[in-house]
Amino acid sequence: MSLADGDSSVVVQLRQIHKTFGSNHVLKGIELDVERGQHIVIFGPSGSGKSTLLRTMNLLEEPDSGSVRFEGREFGPGMPGEKPASRGKPRVLRQQIGMVFQQFNLFPHLTALDNVALGLRRVTKVNRDEAELRSAESLHRVGLLDKIGSFPAQLSGGQQQRVAIARALVMEPKVMLFDEPTSALDPELVSEVLNAMRVLAESGMTMVVVTHEMGFARGVGDFNVFMDNGVIVEQGGREIFTEAREQRTRAFIDAVL
Amino acid sequence: MSVHLAQIEISWDFIFDNLPLFLDGVRITIFISLVAFGLAIVFGLVVALLRMSQSRILQPIMASYVNLFRAIPLLVFILFVYYGVAISFNLQVAAIQAGIFALTLQYSAWLGEIFRGGIQAVPHGQREAALSVGMGRVQTFLTVVLPQATRIVIPPTGNMFIGMIKDSSLVYLIGVPELLRVSNRLANRTFRYFEVYLTTVLIYLVLTTAVYFGVKYLESRFALVDLLNTKARAFSPFARRRTAHLREIQETVRASSGSTSASVGDVPQDLTDGESLAPRRPGSVREKGS
Chain A
10 MSLADGDSSV VVQLRQIHKT FGSNHVLKGI ELDVERGQHI VIFGPSGSGK STLLRTMNLL
70 EEPDSGSVRF EGREFGPGMP GEKPASRGKP RVLRQQIGMV FQQFNLFPHL TALDNVALGL
130 RRVTKVNRDE AELRSAESLH RVGLLDKIGS FPAQLSGGQQ QRVAIARALV MEPKVMLFDE
190 PTSALDPELV SEVLNAMRVL AESGMTMVVV THEMGFARGV GDFNVFMDNG VIVEQGGREI
250 FTEAREQRTR AFIDAVL
Chain B
140 MSVHLAQIEI SWDFIFDNLP LFLDGVRITI FISLVAFGLA IVFGLVVALL RMSQSRILQP
200 IMASYVNLFR AIPLLVFILF VYYGVAISFN LQVAAIQAGI FALTLQYSAW LGEIFRGGIQ
260 AVPHGQREAA LSVGMGRVQT FLTVVLPQAT RIVIPPTGNM FIGMIKDSSL VYLIGVPELL
320 RVSNRLANRT FRYFEVYLTT VLIYLVLTTA VYFGVKYLES RFALVDLLNT KARAFSPFAR
380 RRTAHLREIQ ETVRASSGST SASVGDVPQD LTDGESLAPR RPGSVREKGS
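Line by line, the protein sequences give chains A and B. Throughout, the working numbering is defined as the position within the first sequence, counted from one, plus 9. Throughout, the working numbering is defined as the position within the second sequence, counted from one, plus 139.
No lab work stands behind these hints, which were simulated from the structure alone. This structure is a prediction, so every number in the text was calculated from the model and none was measured. Ideal placement from N, C-alpha and C gives every residue a C-beta, glycine not left out. Some hints here could point you the wrong way.
Claimed, not checked - Which residues of chain A face chain B? A few of them, derived with a C-beta cut under 7 Å, are:
id, residue
1, V35
2, K37
3, G97
4, Q104
5, L154
Claimed, not checked - Derived SDA-like pairs: lysine to any residue, alpha-carbon spacing no greater than 25 Å straight-line:
id, chain 1, residue 1, chain 2, residue 2
6, A, K98, B, T391
7, A, K134, B, S395
8, A, K98, B, H263
9, B, K355, A, A162
10, A, K134, B, R328
11, A, K92, A, S74
12, A, K183, B, R266
13, A, K98, B, R380
14, A, K134, B, L285
15, A, K98, A, D42
16, B, K355, A, F160
17, A, K92, A, Q163
18, B, K305, B, G275
19, B, K355, A, K134
20, A, K98, B, S192
21, A, K37, A, G87
22, B, K355, A, K98
23, A, K134, B, S194
24, A, K98, B, V277
25, B, K355, B, L184
26, A, K134, B, S192
27, A, K134, A, K92
28, B, K355, A, P117
29, A, K134, B, G275
30, A, K98, B, E267
31, A, K37, A, V240
32, A, K134, B, T391
33, A, K134, B, L385
34, A, K134, B, E267
35, A, K98, B, G275
Use the sequences and the hints to build the structure in full.
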């Protein structure tokens, strides 16, 4: 069916993803491959379906139909009109895919350390001492070892988002999803989060990022996807920012740059 | 010891002499309030969860339950349960049991609404964040949603408990010898209405004030204190141990990462050099931890 079938470098493979909210058809047959080590940037106007697309990758949003394969295993509802023979549990998928949200979504009743450790303790059943040590390491990686005892309300937005990154990283995911990670931040706090993401990208992490930060997209995104109105209008390397083929892409880039 | 107030002669000795009588009543008042409220919390949680369920059968049943019990005056309901049902149908039910039953049913309707509000006040993003690390729905509810909802509902639940102590006085009408009934009997026997009812008022005041301070304590107990950056740790041995443990973790991580800088400020230097995000040496720190 496609070049990517059986290709072990493809981690996440989306085929014919359809999603409607009421009468609103937000994803119209999306096809996308995420390769190991790739840094994909998804951009486009608001309401274009980019966040929904990202959220179908870890099934926080269940597509109406379509194939969501992770390392070859089917987790989605299947292609239109056919049911997959076997379908993996969303929990199994989510353990291997980290996600960072626009609103951070840290647990306000837990310290930074416990925010990070919760998944290790509850999902992978790591004992408390080890979970805390690994979580502190993860927080150290994002420069927040000093804040392990702080609660989210005592942290700046940028620090909260870095805790959220540490919380996802500690599960040792194979792919990291970022859903507009800097959109809720004050302008002066954006760079610390982008820096953390940049370093993460350099370490070889596979990343899919929905963002309006075009500077970041141009610097880090080695595969860029422009979405509008529920379809992928254009995709390609960094040349997309300078020589887009589609009029809609050019118009959007001109408008935001 | 007596004081003349207009034509009334107020005798405090009379109060002290009858204190054991009052205390018997207080004991029953507290018993009724605690048992009925404890049961109401359990049933209230069930009501809240069923009301939020997707079920097309349970959901409307629970909504009707809540609306029904909120609509009936408590006193009427208590009389109905005891005289209307228990006595009329010759059920082997003591007055105190009927009273607790009536209070429980009404309060679980109110508490169910409070709990539902508390659970629904936890933002949806919290559930998503928990699910996104691979947690299940029940785990997510118990470790992420419920603790946050609990904090939200503590103050209104405390108000309800104060209400319960006051409303427990209504069961005196079905003959339960709680504080108000004891007071009533004493006043009718001795005609010392002022002293008796003043004492009753003061006792209720003491009880509800105690609950008020209990709720304040609970709220402070749930306060989110940064143990590494406040002095609150001095107050509790648990907090001191936890602080020491956190410092130990920090030291271990610093030592194993080979970083000599003791602090990383708001500007994360170690993020820009690309070193600290490099893949970890396998097992280096974990061995020390185990």
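So, going through the hints one by one against the coordinates:
1. V35: For V35/A, the interface hint is violated, since the closest Cβ of chain B sits about 17 Å away, which is over 7 Å.
2. K37: violated (24 Å)
3. G97: Violated, about 12 Å.
4. Q104: holds (3 Å)
5. L154: Given a least distance of 6 Å, the restraint on L154/A holds.
6. K98/A / T391/B: violated (37 Å)
7. K134/A / S395/B: holds (24 Å)
8. K98/A / H263/B: holds (21 Å)
9. K355/B / A162/A: Within the cut-off at roughly 21 Å; holds.
10. K134/A / R328/B: violated (67 Å)
11. K92/A / S74/A: holds (9 Å)
12. K183/A / R266/B: holds (22 Å)
13. K98/A / R380/B: violated (40 Å)
14. K134/A / L285/B: Given that 25 Å is the threshold and the Cα spacing comes to 20 Å, the pair holds.
15. K98/A / D42/A: Cα-Cα ~20 Å, so holds.
16. K355/B / F160/A: holds (21 Å)
17. K92/A / Q163/A: violated (48 Å)
18. K305/B / G275/B: violated (42 Å)
19. K355/B / K134/A: This hinted pair is violated, its Cα atoms lying about 35 Å apart.
20. K98/A / S192/B: Given that 25 Å is the threshold and the Cα spacing comes to 22 Å, the pair holds.
21. K37/A / G87/A: holds (15 Å)
22. K355/B / K98/A: Violated, at roughly 44 Å.
23. K134/A / S194/B: violated (32 Å)
24. K98/A / V277/B: holds (15 Å)
25. K355/B / L184/B: holds (22 Å)
26. K134/A / S192/B: violated (29 Å)
27. K134/A / K92/A: Since the Cα atoms of K134/A and K92/A sit roughly 33 Å apart, the hinted pair is violated (cutoff 25 Å).
28. K355/B / P117/A: holds (20 Å)
29. K134/A / G275/B: holds (13 Å)
30. K98/A / E267/B: holds (16 Å)
31. K37/A / V240/A: holds (6 Å)
32. K134/A / T391/B: holds (22 Å)
33. K134/A / L385/B: Holds, at roughly 21 Å.
34. K134/A / E267/B: Measuring from Cα to Cα gives roughly 20 Å; hence the hint holds.
35. K98/A / G275/B: Status holds; Cα separation ~11 Å.
In this structure, the hints that do not hold are numbers 1, 2, 3, 6, 10, 13, 17, 18, 19, 22, 23, 26 and 27, in rising order.
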